[in-house]
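A.B. asks: Chains Z and Y supply the protein sequences, listed in that same order. Its first residue numbered 1, the first sequence is counted upward by one per residue in UniProt numbering. Its first residue numbered 1, the second sequence is counted upward by one per residue in UniProt numbering.
Rather than coming from a laboratory, the hints here were simulated on the basis of the structure. Check the hints yourself; a few may be wrong.
The list cannot tell twin chains apart, which means a pair is met if one copy fits it or any two copies do.
Unchecked claim - Below 25 Å or equal to it, Euclidean Cα-Cα: the simulated DMTMM-like pairs (lysine to aspartate or glutamate) are:
#1 388 with 434
#2 174 with 90
#3 449 with 262
#4 403 with 177
#5 322 with 177
#6 282 with 173
#7 438 with 90
#8 423 with 300
#9 161 with 173
#10 144 with 441
#11 120 with 285
#12 378 with 140
#13 137 with 374
#14 120 with 436
#15 388 with 441
#16 388 with 173
#17 161 with 434
#18 174 with 382
#19 137 with 288
#20 322 with 92
#21 144 with 288
#22 120 with 434
#23 322 with 255
#24 403 with 173
#25 144 with 414
There are 2 protein chains.
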Amino acid sequence: MASLSLSSKPSPTTSSLSTPNSRDLILRFQNPNSISFRSSLVSPSSIELNRTGCCALNAGRVRSRICASSTQVMDQSPSETSSGVPTIVEVDLGNRSYPIYIGSGILGQPELLQRHVHGKRVLVVTNNTVAPLYLDKVVDALTKGNPNVSVESVILPDGEKYKNMDVLMKVFDKAIESRLDRRCTFVALGGGVIGDMCGYAAASYLRGVNFIQIPTTVMAQVDSSVGGKTGINHRLGKNLIGAFYQPQCVLIDTDTLNTLPDRELASGLAEVIKYGLIRDAKFFEWQENNMQALMARDPDALAYAIKRSCENKAEVVSLDEKESGLRATLNLGHTFGHAIETGFGYGQWLHGEAVAAGMVMAVDMSYRLGWIDDSIVKRVRDILQRAKLPTAPPDTMTVEMFKAVMAVDKKVADGLLRLILLKGPLGSCVFTGDYDRKALDETLRAFSKS
Amino acid sequence: MASLSLSSKPSPTTSSLSTPNSRDLILRFQNPNSISFRSSLVSPSSIELNRTGCCALNAGRVRSRICASSTQVMDQSPSETSSGVPTIVEVDLGNRSYPIYIGSGILGQPELLQRHVHGKRVLVVTNNTVAPLYLDKVVDALTKGNPNVSVESVILPDGEKYKNMDVLMKVFDKAIESRLDRRCTFVALGGGVIGDMCGYAAASYLRGVNFIQIPTTVMAQVDSSVGGKTGINHRLGKNLIGAFYQPQCVLIDTDTLNTLPDRELASGLAEVIKYGLIRDAKFFEWQENNMQALMARDPDALAYAIKRSCENKAEVVSLDEKESGLRATLNLGHTFGHAIETGFGYGQWLHGEAVAAGMVMAVDMSYRLGWIDDSIVKRVRDILQRAKLPTAPPDTMTVEMFKAVMAVDKKVADGLLRLILLKGPLGSCVFTGDYDRKALDETLRAFSKS
Numbered sequence: 001m002a003s004l005s006l007s008s009k010p011s012p013t014t015s016s017l018s019t020p021n022s023r024d025l026i027l028r029f030q031n032p033n034s035i036s037f038r039s040s041l042v043s044p045s046s047i048e049l050n051r052t053g054c055c056a057l058n059a060g061r062v063r064s065r066i067c068a069s070s071t072q073v074m075d076q077s078p079s080e081t082s083s084g085v086p087t088i089v090e091v092d093l094g095n096r097s098y099p100i101y102i103g104s105g106i107l108g109q110p111e112l113l114q115r116h117v118h119g120k121r122v123l124v125v126t127n128n129t130v131a132p133l134y135l136d137k138v139v140d141a142l143t144k145g146n147p148n149v150s151v152e153s154v155i156l157p158d159g160e161k162y163k164n165m166d167v168l169m170k171v172f173d174k175a176i177e178s179r180l181d182r183r184c185t186f187v188a189l190g191g192g193v194i195g196d197m198c199g200y201a202a203a204s205y206l207r208g209v210n211f212i213q214i215p216t217t218v219m220a221q222v223d224s225s226v227g228g229k230t231g232i233n234h235r236l237g238k239n240l241i242g243a244f245y246q247p248q249c250v251l252i253d254t255d256t257l258n259t260l261p262d263r264e265l266a267s268g269l270a271e272v273i274k275y276g277l278i279r280d281a282k283f284f285e286w287q288e289n290n291m292q293a294l295m296a297r298d299p300d301a302l303a304y305a306i307k308r309s310c311e312n313k314a315e316v317v318s319l320d321e322k323e324s325g326l327r328a329t330l331n332l333g334h335t336f337g338h339a340i341e342t343g344f345g346y347g348q349w350l351h352g353e354a355v356a357a358g359m360v361m362a363v364d365m366s367y368r369l370g371w372i373d374d375s376i377v378k379r380v381r382d383i384l385q386r387a388k389l390p391t392a393p394p395d396t397m398t399v400e401m402f403k404a405v406m407a408v409d410k411k412v413a414d415g416l417l418r419l420i421l422l423k424g425p426l427g428s429c430v431f432t433g434d435y436d437r438k439a440l441d442e443t444l445r446a447f448s449k450s
Numbered sequence: 001m002a003s004l005s006l007s008s009k010p011s012p013t014t015s016s017l018s019t020p021n022s023r024d025l026i027l028r029f030q031n032p033n034s035i036s037f038r039s040s041l042v043s044p045s046s047i048e049l050n051r052t053g054c055c056a057l058n059a060g061r062v063r064s065r066i067c068a069s070s071t072q073v074m075d076q077s078p079s080e081t082s083s084g085v086p087t088i089v090e091v092d093l094g095n096r097s098y099p100i101y102i103g104s105g106i107l108g109q110p111e112l113l114q115r116h117v118h119g120k121r122v123l124v125v126t127n128n129t130v131a132p133l134y135l136d137k138v139v140d141a142l143t144k145g146n147p148n149v150s151v152e153s154v155i156l157p158d159g160e161k162y163k164n165m166d167v168l169m170k171v172f173d174k175a176i177e178s179r180l181d182r183r184c185t186f187v188a189l190g191g192g193v194i195g196d197m198c199g200y201a202a203a204s205y206l207r208g209v210n211f212i213q214i215p216t217t218v219m220a221q222v223d224s225s226v227g228g229k230t231g232i233n234h235r236l237g238k239n240l241i242g243a244f245y246q247p248q249c250v251l252i253d254t255d256t257l258n259t260l261p262d263r264e265l266a267s268g269l270a271e272v273i274k275y276g277l278i279r280d281a282k283f284f285e286w287q288e289n290n291m292q293a294l295m296a297r298d299p300d301a302l303a304y305a306i307k308r309s310c311e312n313k314a315e316v317v318s319l320d321e322k323e324s325g326l327r328a329t330l331n332l333g334h335t336f337g338h339a340i341e342t343g344f345g346y347g348q349w350l351h352g353e354a355v356a357a358g359m360v361m362a363v364d365m366s367y368r369l370g371w372i373d374d375s376i377v378k379r380v381r382d383i384l385q386r387a388k389l390p391t392a393p394p395d396t397m398t399v400e401m402f403k404a405v406m407a408v409d410k411k412v413a414d415g416l417l418r419l420i421l422l423k424g425p426l427g428s429c430v431f432t433g434d435y436d437r438k439a440l441d442e443t444l445r446a447f448s449k450s
């Protein structure tokens, strides 16, 4: 098998994890002929994967400068993370770097938002669920002490099934009718669907205007608002049309979670659990110990989970913005999950629900391949059940439905489907097309009708 | 008035123009307070314009490294430009640089095309006029001696009125139904509409795949295929939705012009004339001396006009890819022209026809402002008439129609419409919002109904 391992030097103690400068990487070539490098170690984003696209990762122990403003993470007790001053996680992307602000009540601090607004015209893109709750608050934050700024808004219908081109055109219509020029700023106020659509609209309007993410769901706060993946669905597959386009900042007011339905809360936790599984065993263990607090919406626990998730996401995105390898690992369970969302009907299940079932399938397949032991299988099922998330796809899914959607997955390369699978101890995964097809078939048959 | 001049050192003789290394720039600040620099001289793309956005340019004499492969341009006789070996003009954009190949019969040289195809799957995007003429030839060029490559094609209806989101979706449908993955390559085969749409589809499909431009009209060969501006129209304005997205290469087979209708040929010449007016007086003079040969489709004359236009375009794009200033000058006449295209109905006039009328209006306004003398006004009208291009908008255009469309022009900044106007000797222009509104009103009234 051709593969490449990125891992930190063996640490004498786990406390060394909290040193931001410990960026020593060990590159282990199992088959150097099949991997070509174009650049130096400090830019692993330029790793080119071979046809089977295998890249073994155990990056949970790689620390980088991106978290300079929030060091000592693992040693920090959760209660220290939710003071009035926002925590800042930096996404390091050269001249497209930006901060993620995380804190309670920070929508009441206009200066945070206003420092990232370019020009005098703002378009807030939101939906009919979020608008009654937070639109006025955001308009206040944009305009308070700032009379030169004028704010327009466009309110879209709420739900994954509206993440399409017809609804996106409403954003363009509003922007053009309002005569917004290139110096305007779009603001995404809502969950992942709003963030993805507003971001893609910003990427495309007049060939690109600035935008800001204000995520109001756990799903958007821990995952979709960070990293610049924007886009819409096609009837044949999720997120097939879009752009890599980074925001000016991400502003996470954890108070917005007070109005989040339980089902949406759980959906977001699926992505939190994902970070633990693919790269951060300590975080997974913390989640096992704190799932009750998370489900009870303990503010400190939620704030810590959001922050640690953003740090993981920022680190991966900084290393591989355009998903040449490493970043794909953030999609654990998503290939199966997207098939569920597309096959079952957009919006029938929430994204995190589909990802949860998808992660169980990916873990099942990893176990069938002999790559993980059964204790991990059990721990994954247990934590998802405690988060009240599904651990199997809907009854109506068939093997053929899975195969049809998975064939157009963005991780297919030259006809070969690459998957993120767990391998080795907790917190380790691979992104590979080099697996026994039989194991995939067995997993699909075990979880769906023939 | 706040303005900045970029010009070469005064040259003792014009022959010094052909030295690619003469990049000595003189920066002349008329009001240094109103212009901020963020970077060094070699990166004028980072010039920030002030609110009135004024930037005086006389860049026809600025030479840069981009033309390293085609030096001695002005001293070269046209007959030397159309040998069997393609001329190569480089567009210098760092790691997004690419070559423009120009030559007769180069679609019959498969290796040129194939060296820029990534992956094994290609989607040719073309229209129902061009497909019967050149699709087979392009498929042959893609597959000859290259049996591993498979080619799909999607044939769109021909015309500016189809440059919209509904038609663009047909490209995505075809790509997804064909299960094209991120390693595929899109190929734009046709004129400016096809190039713009295929480029935007490539920018958005799976968040970005590679693409190649094979322009088959003078308009596309001298202008739209070079520089990475892609997009579609909105019912309220041209090119309002799109992306800056660069191709892997541009392949210009001048033989494709043999099948171009006369009206399309003339339309493309409008952009050729534009380069002369904004930055290349020598080229304008050459056009005055060679318009008869161009209209008679003399291959050497056309090849030289295409090459010199590409050099001008490549130079401007290399200096200011995302149109922070300089690049806007390529839009001389386009603000008026877009108003004609949108107001009169997409496709009623060809793009170059609308630009021709728009240039006459921009020149008229420049003269009213006292910025040019009447000999330039006369020369512009004369050359456009010789190219059988319109020198006034359609009778049905009203002042209000112009104003409505111009209000959503991409060059509006903070409510102020910036225009490209001629100023000084032939080959000099400004991009500015600092002009007497009365002159604009007078021009609109002189050329359209109240």
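A.B. asks: Hints first: check each against the structure and report whether it holds.
C.D. replies: We went through each hint and held it up to the structure:
In this assembly of identical chains, the alpha carbons of residue 388 and residue 434 never lie at most 25 Å apart, being 33 Å within a copy and 62 Å across copies at closest. For the identical chains of this complex, residue 174 and residue 90 are neighbours neither inside a copy (32 Å) nor across copies (39 Å), given an alpha-carbon limit of 25 Å. With identical chains, the CA atoms of residue 449 and residue 262 are never at most 25 Å apart, being 30 Å at best within one copy and 62 Å at best between copies. When the C-alpha separation of residue 403 and residue 177 is checked against a cutoff of 25 Å, the pair qualifies only between copies, where the shortest distance is 14 Å, while the shortest distance within a copy is 43 Å.
Within a single copy, residue 322 and residue 177 get their C-alpha atoms only as close as 33 Å, which misses the 25 Å cut-off; across copies the closest is 24 Å, which meets it. For the homomeric pair residue 282 and residue 173, neither the shortest alpha-carbon distance inside one copy (47 Å) nor that between copies (44 Å) is at most 25 Å. When the C-alpha separation of residue 438 and residue 90 is checked against a cutoff of 25 Å, the pair qualifies neither within a copy, at 42 Å, nor between copies, at 49 Å. Taking the shortest alpha-carbon separations for residue 423 and residue 300, neither the intra-copy value of 32 Å nor the inter-copy value of 64 Å comes in at or below 25 Å.
Both within a single protomer and between protomers do residue 161 and residue 173 lie at most 25 Å apart by alpha-carbon distance, with minima of 20 Å and 18 Å respectively. Taking the shortest alpha-carbon separations for residue 144 and residue 441, neither the intra-copy value of 58 Å nor the inter-copy value of 37 Å comes in at or below 25 Å. Taking the shortest alpha-carbon separations for residue 120 and residue 285, neither the intra-copy value of 46 Å nor the inter-copy value of 44 Å comes in at or below 25 Å. Taking identical chains as interchangeable, the C-alpha atoms of residue 378 and residue 140 are never at most 25 Å apart, the minima being 48 Å within one chain and 55 Å between chains.
For a Cα distance limit of 25 Å, the shortest separation of residue 137 from residue 374 qualifies neither inside one copy, at 48 Å, nor across copies, at 58 Å. Taking the shortest Cα distances, residue 120 and residue 436 sit within 25 Å of each other only across copies (24 Å), while inside one copy they are farther apart (56 Å). Proximity of residue 388 to residue 441 under the C-alpha cut-off of 25 Å is found in neither arrangement, the shortest distances being 27 Å within a copy and 66 Å between copies. For a Cα distance limit of 25 Å, the shortest separation of residue 388 from residue 173 qualifies neither inside one copy, at 40 Å, nor across copies, at 37 Å.
Within a single copy, residue 161 and residue 434 get their C-alpha atoms no closer than 34 Å, and across copies no closer than 47 Å, so neither meets the 25 Å cut-off. In the homo-oligomer, the alpha carbons of residue 174 and residue 382 never lie at most 25 Å apart, since the shortest distance is 46 Å inside one protomer and 42 Å across protomers. With identical chains, the CA atoms of residue 137 and residue 288 are never at most 25 Å apart, being 35 Å at best within one copy and 62 Å at best between copies. In this assembly of identical chains, the alpha carbons of residue 322 and residue 92 lie at most 25 Å apart whether taken from the same copy (13 Å) or from different copies (22 Å).
Taking identical chains as interchangeable, the C-alpha atoms of residue 144 and residue 288 are never at most 25 Å apart, the minima being 42 Å within one chain and 59 Å between chains. Proximity of residue 120 and residue 434 under a CA criterion of 25 Å is satisfied inter-copy only: 20 Å between copies versus 52 Å inside one chain copy. For the identical chains of this complex, residue 322 and residue 255 are neighbours neither inside a copy (32 Å) nor across copies (38 Å), given an alpha-carbon limit of 25 Å. For a Cα distance limit of 25 Å, the shortest separation of residue 403 from residue 173 across copies, 19 Å, qualifies, whereas the shortest one inside one copy, 37 Å, does not.
When the C-alpha separation of residue 144 and residue 414 is checked against a cutoff of 25 Å, the pair qualifies only between copies, where the shortest distance is 20 Å, while the shortest distance within a copy is 53 Å.
Of the numbered hints given earlier, the model fails hints 1, 2, 3, 6, 7, 8, 10, 11, 12, 13, 15, 16, 17, 18, 19, 21, 23; all others are met.
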